[in-house]
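K.L.:
These are the residues of each chain, in order.
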Amino acid sequence: MVALIPWSVWIIFLPLLTGIFAFLFRGRGAQLGIVTAVGLLPPLIGLTWQVLSCGPQHYSVGGWGAPLGIDLYADGLSIIMLVMTALVGIGTTFYATGYYSPTGETKEKNHQQDPALFWSLWLLLWAALNCLFLSADVFNLYVALEFLGLSAVALVALAGGPSAVAAAMRYLLVSLLGSLSYLLGVALLYFAHGTLSLGLLAESVTSSPASFAATTLMTAGLVMKTALFPLHFWLPPAHANAPAPVSAVLSALVVKASFYLLLRLWFQVFTNTVTPSVALLLGILGVAAIFWGSVQALMAQRLKLLVAYSTVAQLGYIFLVFPLAQGKGTGFSAWCGGLYFILSHACAKAAAFLAAGTVLYGFGHDRIDELAGITQRLPVTMFAFGVAGVSLIGLPPSGGFIGKWLLLNAALAGGQWWWAIVIIIGGLLAAAYVFRFFSRAFSYVEQVPICRDVPWSMELTALALGLSAMALGIIATQPLAVMQIGAPLAGPVLTGGLP
Amino acid sequence: MSFLDLSEMAQKLLLMLGPALPLAMGLALLLRSWQKILSRLNGWSALPALAVAVILPLDTYAEFSWLLLKVRLGLDDTGRVFLFFTSLLWLLAGVFGRSYMAKDQNQKRFFFFYLLSMSGNFGLILAQDMASFYLFFALMSFSSYGLVVHNGDAEALRAGRIYIYLVVLGEVMLFSALVMLYETTGSLNLAPLALAPANNIIFALFFLGFGIKAGALPLHVWLPLAHPAAPTPASAVLSGAMIKAGLLGWLRFLPLGQVASPEWGSLCILAGLVAAFFGVIVGVFQKNPKTVLAYSSISQMGFMTVSMGVGLSIPAIWPVARAAVITYALHHAFAKGALFLGAGLAPKIKDGRLQKWLLAFGLGLPALALAGAPLTSGLVAKTALKLAIAPLTGPWPEYLALLLPLATVGTTLLMIRFFVTVWPVRFASSPGALGLRLPFIVMVFFVALGAWLLPEAQKSAHKALSLDSFSLALWPVAAGILLALVAFALFRRKTDSGIPSIPAGDLVAIVSWLAKPCQHVSQKYLGPGIQELRATLSMRLSPFLQVYKKTEFLWHMEKVLSSWLAVGTALLSMSVVFFLLLLFSWQ
Amino acid sequence: MRLFSAKLIIIVLLVALAGLIAWAILSLPFNGPSLRAQVFANIGHSGVSNPVTAVLLNFRGYDTLLEIVVLFLAVLGAWSLGMVQLPGPPYPAGLFLSALLRILLPAMVLTAGYLLWAGAHAPGGAFQAGAVLGGAGILLLLTEVRFASAIVSWPLRTLLSAGVLVFTGVALGSMFLGGRLLEYPRHWAGILILVIETAATLSIGVILTVLFIGGRPSEADRTLSVKSTGKRKDK
Amino acid sequence: MNISLLYSLVGLALFSLGLYGLIAYGHLLRKILAVNVMGSGAFLILVALARGWRQTSPDPVPHAMGLTGLVVAVSATALALALACRVQETTGSTQLTEDGSD
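Chains as they are written, first to last, in this note's numbering: chain A, 1 to 499; chain B, 500 to 1086; chain C, 1087 to 1321; chain D, 1322 to 1423.
Same shape as in the complex, but just chain A:
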């Protein structure tokens, strides 16, 4: 009986409905948020169980079935993304109950953030993410992308103030550019193959001018939305100026959504089209992103900007999956490494942004130079930031380490050692920007800056997310087992494959 319940529908519609209800019943947002956070667990566990025991799941909306109708589809990749969304989502929800609590008026001057709108938009964004991770139809994915993009833009704008509004504007234009480029690709695919279903496209797409054009347009659009260097210009202002829970969600989840779509397309639809040379192109841009993002993070004057540039750098790593997956026998290891990196980066980055948000909330600013001694005021938050930093640097026993380790092994075993050098140098650079902030925060000062009371839910959620990034390094076997289900690549998981 449990096997027959369409859990995916609930995963999409629960946050959708609570999002609308949060709009209808103003003032009930926090309760609805918690209902969603808790209520999503059973469907998520149910779907994971279905996928683990019966393999990838299909669900035909409207009963028509692909190609006429739209299918929902869940495999290991979807589950990983959904679980990642739930982890960060639950954390963000609890954080926001404190951040938007009636007693603690928010920091932004001359603008009243509306908690009801936040809850509504955030829950709808959650629905959009779930929608995207469960869709198996390229046009439906376009609608889901717009759904996601618009809710993300609105959340950024919610912070108010000139910089946030300008950032939201730029973000919206980039988002539209990316989606339209993607849409043109969808049109070409449909006219060439007469179907919109991912599964059927996977069977029929071959090397042809139309598929080249579709690959180019869709990749360009999605890469833009994923903020790969040098197309990252919209990310730092948008992520740094949004309200704290929004920054966390944007950096941890939203950029991953377009990357997820890129993975789906590259490894399932365009398998015959893409070549090692274009994969190399993305890999090189990824390397540039690692260096450029790290250097900018190192120079950032504001903590949230530092964390945002760190996202630019860390996104570079996941693009290494494309060239590494081309190696003989190392494909699956690279695939797992990339997914593990995405998963642990989500937890760690959410923790870092939430911690940074707490600092901003407590001290009213996040200028790194003036944050000396804040550890004396916010020890738990700084500990959370530290734990997140360990995962971002990629030190054991963190999830970030496992991700980098798998990528490293894929690089070494595939004879592509140059990527290994980049991965290691990237870790050192990450250590540099994390410690740059730490040396400031942990320095001892007599006159500790004044800090307003911070709700405990804000401090503890950041810590919990940081610790879950750590825990991912300890329980590596289960996520790896999930990643195997329905994976487009096969092969061993190389964990100790030194040549």
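Check each hint, because a few of them may be wrong.
Claimed, not checked - Per the computed footprint, the stretches of chain C lying under chain A, defined by three or more beta-carbons under 8 Å from a beta-carbon of chain A, are:
#1 1116-1129
#2 1162-1168
#3 1218-1229
#4 1244-1250
The set of hints was computed from the structure by calculation and includes no laboratory data.
Quantities reported herein were computed from a predicted structural model and do not represent experimental measurements.
C-beta: ideal position from N, C-alpha, C; glycine also.
Following the hints, position chains B, C and D against chain A.
P.N.:
Relative to the frame of chain A, chains B, C and D by itself:
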């Protein structure tokens, strides 16, 4: 439920309580309302672990499948000895610490880290699977950072910085080694690890990773900085107990007694010997008594490394060598613990005959023991080492027969140096608290008793009592005292600053010391040329350099990259290149 | 000069890319595979006879559901920018304008109704009808401030979300009645589609009107206008 | 030349033109209009090619896609216009300052 089941359950509970109680108490310290009650009990939370070591039967195991990756705790023969001296040391240092830290404002923070490190230390001894061993090890290493930097002065922060660098390095090496080991054996259990084919990379990673903790050369640099910087109770456990975690790691993971690897064995013996002498030589020139003790620890760990190397070379001798390692570890833990506690106690001793004699005896006995004087536990340990070396082949026995007594001479010298530095110039006017004296006395008592009672040391204890070894042991000690007298005569007239000294943390100091003259030399001799070159360059490149110097260049670049025109160009050129790449690889 | 050369580079690249895509379009197989046949084969079960409406509200109804959510989101987005004053009429509606509106508005509502109904068998449907309604709403807003201020707060919010809620309700309801998500019960498809479209039309009309305001209508306006009934705010 | 092919190429031209406008012009209203032109181009391609080579009745699926895309575009445009107004209100400028820092 029968009585047997019940007692088995109680045993498992006790086993878990060993590491769990300190952890729970440490975390409970965070709750303000509990702090008052708990602060009296901090030290005593080591009791369950001590009880485990003393009363539980060997080979008691407990599995907690719901915890992490199936946590497996258990008590084996090596673990029992380690747990015994470790828990005793933590217990006494904790009780000592309660009085010692009474006036410290941050004592709660201190005990938070103290209890967490304690939990880690007990846990790693009891851990029977790789994951929990690693986690407990990491818990101990990272928590003791809080102990090292506790004082918060520049010295402590510097020590902490160097400590944490090496800890992180060690953790990376250990984790990598464990993952690779898991990959080759496919099991998380500790037991079959030694059976894994000796892979040199794994071996090296383990050797270095644990070597950092054990103060092996040249990874020892944190030790003489951190041990003196930490408050006395913390330095006692750092030098007495935690340093042994590295040793235990070696015993657990290296294929001792199973696979012969003469190369690694010889390397271990060599490294151990160098450490034994290096510690003594550098230690003698120290001024801070706790630094002297830290160097002594490096030297003593060298002896243990030597016996381990013997076991690595010839698996057949391992039982004998193992007895030597374990005896030495126990003996050293007690002696070093007593010396550190004594060093902390010395400035608080009242100017009274009895008190002075107590201090002199309390410091003298462990010092003599370390030097291996007759009738002390040190002699038992040294004898065990000799027994282990005897069956070695090749040139080693001869070298060792010569070098070991020499090292003992050095140790004697070092201990005298310690005595000179630690003996208070002026005694306190009021007696030190009983809470300080009592743990110290108990500790000294265990130093006297120590190795004699160890089952593993029965053979060597028997031999140590013979007249033959008695006289053999006497001459290095006597020679050491003689040398010390000569040195005293030489430097008697000189003030303290006239006595040569080596800065603590030798290599770190050397590196920074070396950097200075290099700068000086380059400025002096290459100066004119470089200045000329710099002038020319700066003239030519000044527009570029000036922008770059202020890192505004990078900012500027980011701004340029942020314009729509730049992004548009990038997007379009990427797309065109992408399309063309696809096209050209199309058949 | 620099800007000019940058733009030149962009034009060159754009022409190159457009050329490549044009080549791809030209190489498309015409009369290639399409879903046309499948749509016409199943149209009998869809509840409507217009193929586009059948695709929009039945075969790919899930897309349309999300599309209405996106439209709803635009309102949330605009509202997240903060409160705005309701735009008062620039000058009082004159006699002529009032008379025109009295004829025009009912006609527009009627047209919307027709478009909605026609959607079942001919081009038309919820969006077209909603657009006409929205036009009517904007006209009202520009001439008669009391209209907008009367519906601020929960009635407005209910109207705004009605389309999504009804659509979702039908989608989930049909699932509870034993089908799948959006699998309308047999013979009920036509009527359910009409219900969805009616709610969607209303919502779309209101959404477009509200979007015209460009922000969250301040509830203070309502109290203000209630207090000073009949008197228009100056500027 | 086939009429649907011609229209689809016109759609592509519109798409490119819109893309150029989005990149090259600073004024936010122009950028928003440019995005709309891009969208119209894409929808035109969908509708034009739906007619196929010689078919009497067009494929309804691309039409539906176009309609859905249109509504999405309307929503996005509305949000963009509201944002642009807000940008002008808060910064006093109708353009985005082109730096990533603030």
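K.L.:
Hint by hint, note whether the structure agrees.
P.N.:
Cross-check of the supplied hints:
Coverage of the segment 1116-1129 of chain C by chain A holds. Counting CB-CB distances below 8 Å, 7 residues qualify, and the rule asks for three or more. With 6 residues bearing a CB less than 8 Å from a CB of chain A, the segment 1162-1168 of chain C meets the requirement of three and the coverage assertion stands. A count of 0 residues in the segment 1218-1229 of chain C with a Cβ less than 8 Å from any Cβ of chain A is obtained; the coverage claim is therefore unmet, three being the minimum. Beta-carbon proximity to chain A at under 8 Å applies to 4 residues in the segment 1244-1250 of chain C; the threshold of 3 is reached and the given coverage holds.
The structure fails to meet hint 3 from the earlier list, while all remaining hints are met.
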